[in-house]
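Student: Protein chains in written order, with the working numbering: chain A, 1273 to 1480; chain B, 48 to 362; chain C, 147 to 813.
Honestly, the hints are just simulated from the structure, not real lab data. Possibly wrong hints are sitting among the right ones.
[Said to hold, decoys possible] Covered by chain B, according to a simulated footprint, are these stretches of chain A (three or more residues, beta-carbon under 8 Å):
| # | stretch |
| --- | --- |
| 1 | 1277 to 1290 |
| 2 | 1309 to 1322 |
| 3 | 1444 to 1458 |
Where is the CB? At the ideal position from N, CA and C, for every residue including glycine.
So you can see what is in the structure, the chains are spelled out below.
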Amino acid sequence: MIEIKRTIKYETDRVKGFGREVMSVPGCEQLEQCIQCGTCSGVCPLSIYMDHSPRQVMALTRSDFKREVLSSVTIWLCASCYACAAECPRHIRITDIMYELKQRAIQEGVYPRRFPIPVLAREFTRMAQHWGRITESLLVLRLLWRTNWLEAFGMWRLGLGLWRTGRFSLRHESIRQRADLTRMMASVDDVVIGALPPPAANHRRGAR
Amino acid sequence: MTTFAYYPGCSLKGTGRAYEESLLPVLAALGIKLEELADWNCCGATAYMAVDEVKACVMASRNLALAEQLGHRELVTPCSACYLVLNKTKQYLGESRAVAQVVQRALGLVGLSYQGNVPVRHPLDLLVNVVGLPAIKERVRDPLTGLKVVPYYGCQLVRPYATFDDQDRPTSMDRLLGVLGATVVPYPLKTRCCGGSLTGTLPEPGLHCAYILLKEAVKRGAEVIATVCPLCQFNLDAYHHKIAAKWGPVRVPTVYFTQLMGLAFGLPARQLGLHRGLVPFAFEAGARRPEREVVPPDRPPPATPACRAGGPLAS
Amino acid sequence: MKRNGEPEIRVGFYVCHCGHNIANTVDCAAVARYAATLPGVALARDYKYMCSDPGQELLRQDIQEHRLNRIIVASCSPLLHEHTFREATRKGGLNPFFFHMVNIREHAAWVHTDRREATAKAQALVHAAVRRVAHHQALQTKRAPIHPAVLVVGGGIAGIHAALTLADAGKQVFLVEREPSLGGHMARFDKTFPTLDCAACILTPKMSRVGSHPHITLWTYAEVAKVEGYVGNYEVTVRHKPRYVDASRCVGCQDCIKACIYKEPKFPDTFNAGLSKRKPVYLPFPQATPQVVVIDPETCIQVKTGKCKQTCLEACVDRRAIDFTQRETLERVTVGAIIVATGFKTFDASRAPAYGYGVYPNVYTALEVERLVNASGPTGGAIVLRDGRQPERVGIIHCVGSRDEKTNRWCSRVCCMYALKLAHLIKERTGAEVFNFYIDLRTPGKGYDEFYGQLLEEGVQFIRGRVGEVTDWAFMPEEEGHLVIRVEDTLAGYVRRIPVDMVVLAVGLEPQADAQAVRRLFNMSCGGEGFFLERHPKLAPVNTFTEGVFLAGCCQGPKDIPDTVAQAGAAAAEALVLLDRGYLEQEPNTAFVLEDCSGCKSCLPLCPYRAITIAPETERAVINEALCKGCGTCVASCPSGSIGQNLFTDQELFSEIEGLLAPAAAT
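Produce the complete structure using the sequences and hints provided.
Tutor: Laid out in structure tokens, this is it:
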């Protein structure tokens, strides 16, 4: 059965000011200069899996198509290899813009439940903030627990190999001054950085 | 003996401990001591940037402040992600006064401050540009004669903050391996992404990145891949069975460049953490015939491993 | 107002409405009324268009009827009409330098919105002029003769065309080319877009005409070493490099090449972009002008070590054209004007490492492919890869090194069209599938877009997307053994991997490597990108800021052959204007040295026109009036205040300032 969907975009599909807002974040300003050449997509090792190419994400962001951008799988597939930023003929920091978009997607909660990438980001930050350090084996276990714990059974071989070679640990690595870190992080809970005033209440750049 | 401040990062205490185990004795053999920051914390890695850039900066800046407190002129960090995050934090603090104010306030709460005067360097940079290749060559006891090595740099060491080498075609490690006596295999994928953390979250695209790197290394006749980053090493070493199940066997060991240096310096393999690889690597110095032929890149590839259909484009 | 021993000052003042331009913002009648109150003003009028014939006539009549001896017009910029009013003043019987112009259009009317304030500003400017003009002196313009010869630097199509135009008009031309032959880049092309006429067929006749023209002195393998003098009288020193061949004896028989101790050609042939080999003694290319061989000092054993058997000399025993005793020589010529046509260089493709030039042998630059498709090129016109195979799939990458902040920011203008031309030729000769990868296709020219249409009909593929990378590693079995182009097809919306056998890089154009040295040699300016700067991008596109030095071709900026030839013609015409007039009229606003100069020389390096020298007999500075442009730098910088300047004496300037401040002081 062929599914018929509306593909045209109306002006009401745009969230006016979204592009400006992203471009006002330090590091994202150069997006204004994009000439839509597609170099970013051409060098991106993950672009073969993306629903919107990196170039399209740039165009959609600039044109205020907020929902389309934030629900795109592209922003999650970015592995932060910076190939696009290095090759961009307009010096656009595409990787940083992807981070910015990921942050906004997490704030708005627009990603599939149990989608592993934002879950990993969240678990990672929780562990880093709480213990001060990351214990990779424990992080992976938490990730599997929160996403698809059945997958854990498929990992036994890897786990065993790491255990044998002394690379697997169940003891939490931790810093001594955990209280210091907590105080530092708490001090930036309500901080908003951006050249433009927040247009809506949900603009707060906190993690929760 | 010169001393540098040292930020190992979480991986070097976990899955990447062989990196630290080889790095410290190799640098010591060259007269360099690394003094580990007391009570350093996680740099935040790329994951934190995706959640909150300001918090990521605060987290990373504590390490920079600790390094300044320690009083050494420069900070050395071997993990590419840590290298990137610490340098990126420095850049943000320099570029954005607003971010800098927030960070200084947070540091002030625990009696720290950030001046911005400690450069963050990678051991590869240190070895090639501070120690120098002649000094390294002098220290070689058992040259890696005939060993065909693929130098793999990955992304985050050379992009976007490294100033010591080219972003696309770096040569530092090539030259270093050459000095150790190894045969460096031309490898145009040397800065292509290994899949990063996607290998753990989205195996299909993540592992395919690693697969291409391994396949092309084998095709070009490599006996071992040398890497500068714990995540690259993990992705290329730990997932062989999964990759083989999907696309066919591409078995080649991946080690840290410091492990190869240790071998060439005549340090015992066990002391260099060489037993920690899931794909075992062994090299006996002196057992080789000198100068073996390397397959030139434009010659038709050898029969194995076959590049099998059913890759991501076909599926 | 009266000054000792001089007649009474009688100023005639006119304020122009300039239609609405001035009158809308400035109350012209009020300005005239204000002027009438100022000391020395005998007459003040406002008028709708002072530059009109009746306006000029009014001025002329008033001078006579009212015995005016100073004239002020408050109107537009002196750039526009200073000359007009000076002429009118002269016709009225006054020395034209008793006239002074006040710009109240650009300086008041156009830059203000408040009528009251704009009027007050205009009044202040007028007051300043009234004070100043009282001190004006009668001055004479000077005439300097112009030497009726032209130096053309560069023997590409621009220099060739300019030289022929001037020589056909009967002027003596010296054409200097640093390579051993004329021809430049155009001589290396096969066909020219969009008409596809053969480059050699249209260029060679012009080259041989240059070689045989009675009015052209052609110096190849020579460079300009030094330029002295000024417009009309440039003293140019030319350095002749030794070619170890007596050009007057060599007939181009090439027996020496056959006889060379190297049996086989061994060294990269630069004319063929290194795709073939040549011997140390060589003729640059079959149609070279002049038809004289040259010996490469870098590779010739005799030149390098003096220990060759000199078999070439034996072969040339009849003519004795080969001469290893040749040394560099210098020659001086005097010319009235100079045309700089030093051309461009192509972007070094290895600076764009993602495209694998220099790494993968089957990645070529467009210039290399020009030689490949050329019938007299290294393969005799066969388009084959380095291993002799014919390519079945070819990718042409546009904008290599252009429109990129990392390399060159500008569009190189010719690459789209030459890429289309190469695509056509490759398709026609090999039947290969040809892909063009472009950011934007720029085909603005006569017949250009039609040519693009023709290529679409021929089935050449166009993919809009800037290529990310060219690699030799494979994702898919069919990619093994090929180069793979990775690109986003931005119109289709897919990222694609396209295996090809041959990659052609459409490299951009950039300034010559020694453009800065040439700029200093001729005292020109460069734009930010390094091309030579024209005096005005629209209205003086072939002039430079140095009088008598003109630009032609790509040294001024990327352009194609039609534009280059048009510009070369324009440069020749501008030079002819100078030469045919025969003299140069010079503004009298030059600087002059007063008696008390101490000879400290601090002004010498400051003069941008190199007009100041130290006279050996008096040890004082001397200013060459022909070179001085009246910029005033030396006047301001002289530590002892010993330099003055016509039209800008201290008296004139100080009274101008006092006048300007007078209205403010009064309130």
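Student: I'd like to know which numbered hints this structure contradicts. Please list them from smallest to largest.
Tutor: 1
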